[in-house]
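Asker: Sequence:
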Amino acid sequence: MTDLDTTVTVIDAAARAHVPVLLWSDPGMGKSSVVRALAAADGVPVETVIGSQREPVDIAGWPVVTDGAVQTLALPDWAQTLIDARGGYLLLDEISTCSASVQAAMLTVALERMVGRTKLPDTVRIVAAGNPPDRSAGGVDLTPPMANRFLHIDFEPTAEEWLTGMRSSFAALPASRGIAADELRRADEIGAVCAFVEARPALLHQYPDTDEAAGRAWPSRRSWEAMARVLAHLRRDDTAAISAVALGLVGDGAGSEFMEWRASMDLPAVADVIADPSIVAWGAARPDQVWAVLSGVVAWASGKGTKDAWMTAWGPLVEAATHGAPDVAGAAARALSVAMPAGAKPPAAARKFKDVMIAAGLDVGSAA
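Numbering-wise, the sequence shown is residues 1 to 368 according to full-length UniProt numbering.
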C-alpha cells in the first residue's frame, strides 16, 4: 500500500516521464480528491471522465459527417478545455467498471494522448482510477495488455494523513519529492535496469497466468523501459517512491526482486564514475555491479549522442578492463562501439578492445 506522500511523488514522476498512473483503492479513499487537489495546487484545470457513465464517442470524439463521409471527429468538451488551457489533469475514473469499448477508448487517450485525431498537450497529466473489481458493482479485471501500460498504485493514505487533512480542510497536499531528470540521472536507472535483467533474464517478460494478476502490473519489455524512465525522476535515495514505481510497473514478484537486488548493489552515480573511473573497485566488484555501472555509462554516451561524450565513455571501460573486469568491459565496449557518432574516432586506449571494435565495423587503425 502507498501512502499519500509517496503517491503524490509517484504521480509527479510518472507525469514527467509520460507514463499514465492507475490509482486503486476501496471506495471512499479519496482518489479523485487527490487529483483535484493536485490540479488546484498547480493552478490548472482538472477534467474527470467517468467511464461507467460514458460511451466511446464521449472519449474518442463524435464523427462529423460531411457529404456522406466522416471528415473529422468533434472534440469532447473535456478535451477542448485541456487543450485551450494548454495543460491540466485528466482523471479517467471508474476504469474498472466500464465496458471494454470504453476502456479501449480510455487506453488510447492514456497511452497515445490522442482524442480522435487530436493530440493532447504534453503538459496534460493523465491519471486513471478504479476500485478493485471485487469491491465494486459490475467490476471487471483489466485485460493484460491494458494493465501493462499503467503504473499501478495501491493508494491507502495513513490515518495521520487523513487527520491532517481533516484539520486543514484538505487544503494542501504534501510536496512532491520528484525531480527533473537529466541524461546522467537517466543513465543511472537504465544501467540498473539493464544489469538486473541481465542477471535475471527470466523476469524480462512474464505474462500473467491468473485473471487477478492479469489486471495488475506485470513485467514486460514495455514496463521495464517505462520503469527506467520514471525512476530517473526520483532521487536515488527515495526508497519508498522507487519501490512503489517498481511494484507498480513490473509487479510484486519482479519488483520485489529488483528492490532486493538494488539494495545489495550500492552503485555509484554515473556522473561520479565518468568524472573519476578509479572510484570503483573493479576487480572486487560483482559482475552485475560492473554491468550496472558500465551500462549506465554507455547509456549516457548514447543518449548524449556527441563525439565528446562517446570518447569520454571509453575511460571507465578501459579502467574496468585494466583493473579486473575485462569480460564485462568488453561486452560494454561492444554496445558503445555500435553507438559511435558520425565523425568520431575511438581513443588510442580503446585498442584494448580491438576485436570488439572490429566486429562492430570500426576502423581500429584510425583510433585517435
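Keep in mind that the hints were calculated from the coordinates and are not lab data. Any given hint could turn out to be false.
[To be verified] Restricting the straight-line Cα-Cα distance to at most 20 angstroms, the calculated cross-link-like pairs of lysine to aspartate or glutamate (EDC-like) are:
| no. | residue 1 | residue 2 |
| --- | --- | --- |
| 1 | K304 | D276 |
| 2 | K304 | E112 |
| 3 | K119 | D58 |
| 4 | K307 | E225 |
| 5 | K304 | D211 |
| 6 | K304 | D327 |
Because the structure is a prediction, the values reported are computed rather than measured.
Asker: Next, verify each hint and record whether it holds.
Answerer: Quick rundown of the hints versus the structure:
1. Between the alpha carbons of K304 and D276 the distance comes to roughly 19 angstroms, so the proposed pair stays at or under 20 angstroms and holds.
2. Between K304 and E112 the CA atoms are separated by roughly 26 angstroms; this puts the pair beyond 20 angstroms, and the hint is violated.
3. For the proposed pair K119 and D58, the alpha carbon gap of about 16 angstroms is at most 20 angstroms, so the pair holds.
4. With a C-alpha separation of about 26 angstroms, the suggested pairing of K307 with E225 is violated against the 20 angstroms cut-off.
5. Distance restraint check for K304 and D211: the Cα-Cα separation of roughly 42 angstroms exceeds the 20 angstroms cut-off, and the hinted pair is therefore not satisfied.
6. The hinted pair formed by K304 and D327 fails the criterion: a straight-line CA distance of about 25 angstroms is larger than 20 angstroms.
Comparing the model with each numbered hint stated earlier shows that hints 2, 4, 5 and 6 do not hold.
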